[in-house]
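**Q** Listed below, chain by chain, are the residues.
Number of protein chains: 2
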Amino acid sequence: MRAILYKNQDQGFILSDNFERGDSRPDEIDVRVNAAALNKRDEFILQGMYPGITENVILGSDAAGWWKDQRVLINPGLQWGNSQRVQSSDFNILGMPTHGTFSEWVKVPQQNVYPVPTHLDWEQAAALPLAGLTAYRALFARGELKPGQKVLVTGGGGGVALLCIQMAKAIGASVFATTGSEEKRGRLKDFGINGTVNYRELEWDKELKKAHGSFDLIIDSAGGDGLKKLIGLTKPGGNIVIYGGTKGKSDGISPQLIFWRQLNIMGTSMGSDRDFREMLELVEQHGIVPVVDSVYPLEEFGRALERLKSKEHFGKVVIKIHES
Amino acid sequence: MRAILYKNQDQGFILSDNFERGDSRPDEIDVRVNAAALNKRDEFILQGMYPGITENVILGSDAAGWWKDQRVLINPGLQWGNSQRVQSSDFNILGMPTHGTFSEWVKVPQQNVYPVPTHLDWEQAAALPLAGLTAYRALFARGELKPGQKVLVTGGGGGVALLCIQMAKAIGASVFATTGSEEKRGRLKDFGINGTVNYRELEWDKELKKAHGSFDLIIDSAGGDGLKKLIGLTKPGGNIVIYGGTKGKSDGISPQLIFWRQLNIMGTSMGSDRDFREMLELVEQHGIVPVVDSVYPLEEFGRALERLKSKEHFGKVVIKIHES
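Protein chains in written order, with the working numbering: chain A, -11 to 312; chain B, -11 to 312.
One chain only, chain A, in its complex shape (with noise of 0.2 Å):
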């Protein structure tokens, strides 16, 4: 079958035309993939900065298809176990080191498939899986997200973020963005957003304070010099839930802003089963429906990943495998 394999550091990703895969486990089945979406996982894998790389896997998170005569989606964590807390020592994410899902089929145990919600097409359903649960554990599980509190969302054109932004608008909090682009700024508005600021801005934090006060929770996947200024927006007693660190370490992070205000600052990543059912819950209650970027042929699996890398994404870049 075809399928895209990270081959190695040089090589980085080829497309394999009859790629041959092993026996099934007895708890696998095996998934027809419609559609799969990009990661940033998948960005850092072929760049070589990510843990336990291994040859001739076949890349990708994010799938719906079909499963005999179901339209499904897949739970993209493996092994997570039974902490709420925390994963298990044992967990893995589809599509590195275990095979994933830009391939005419993947297999994945049986638990960690769940009905498509009705109101999503292909495209938008591979969109979900990974994104969406990632931004339920950090608004809910870990957040705490109250209707009625003040969200702020970094990176706001990420898949992601935007979804952090329509659950968090669903559940009638009010949300605030930052992005890099005067564009997105825009076009989140379409998205009920409460307000929003250009990071590029050297103050960016002042002008949003001075506009809109602080924050109940933010949601950061930055890291690095921003930390300490999320630190200075968040309200006394309010969270900061970090899912990504594209800034890399964070400086002059201060203790006594910390513990005077009795902050938290917690990191997310992935969640748990229960999370992944919660999160469809929500979506399907609110007919949530994930932003699509754009959308590729697997043999155009280059371009989509420069898409990816571009930033100048909006939502989710998708692979298209099968048309029905």
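In this list, chains with the same sequence are indistinguishable; a pair is considered to hold if it fits within one copy or across any two.
Here are the simulated BS3-like pairs of lysine-lysine, each with C-alpha atoms no more than 30 Å apart in a straight line:
id, residue 1, residue 2
1, Lys297, Lys235
2, Lys235, Lys197
3, Lys177, Lys308
4, Lys198, Lys237
5, Lys235, Lys28
6, Lys28, Lys217
7, Lys197, Lys223
8, Lys237, Lys197
Quick caveat, the hints were computed from the structure, so don't treat them as lab data.
These figures come from a predicted structure and were not determined experimentally.
Since the structure of chain A is already known, use the hints to place chain B on it.
**A** This is chain B only, laid out in the frame that chain A set:
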């Protein structure tokens, strides 16, 4: 009456022999102070490193003494408010800007006095309130410490740190500490400590990890360069609770370590009325005795302060004001 007043930044404190207090508010009662304890807070105020410092205010947050015929100790937190999560904006601490406890008498709201646990003498009782409240909230209300867990306390000779160690041991946790002196490492053995390390060793964190592994909960009062080491010493899903920042700002904080391991970095300061009540219950139930380093008369407040600043103290530095 005699009292230690904060005078101003040039003069520091003075001992007044005939300080005239104003009238009491209807909800206030008069406590005759037998003993009062020093806190880092007093040192910071005298160095000008505290918000809202005003002149001619009696210093001191901790006291035990007589109210009518009752032996009482005082919760130094005023107007915490109704949230367990964070203090109200009206919150303040006895001893600045409200007149404090280094004085023959102190006025406090009646709801702030509690019976002295019967196993404590005056000095031990005076050593308990601020440090005990801070330690209790850090360990339990914030850190969610459970029996059998492993907790690391930094700066193991300080008043709050010692009470953390005692309380954590009392509920059946395994307790480890960093200290800056070999003498203190020895003394910590009397408290059943499970392991110690000298933080003046360059690679104390590696030494500690090699000997004792990682920790469910870390209680820190230093910040600075240590925080990134503490992050590396925390178990996946673990908590770091920060109640002080004597070493200043922290650099090199890795978002990846925080998010992938689902860590929680939480600030805490003082505690609610409920935290105070629960702290007293724990102290009574387990017969915990706060460690008194040394006792000085009011006339020797300067010497007491020097003792605190020396960092050679082990436990609380106490001022004795009335003998009985």
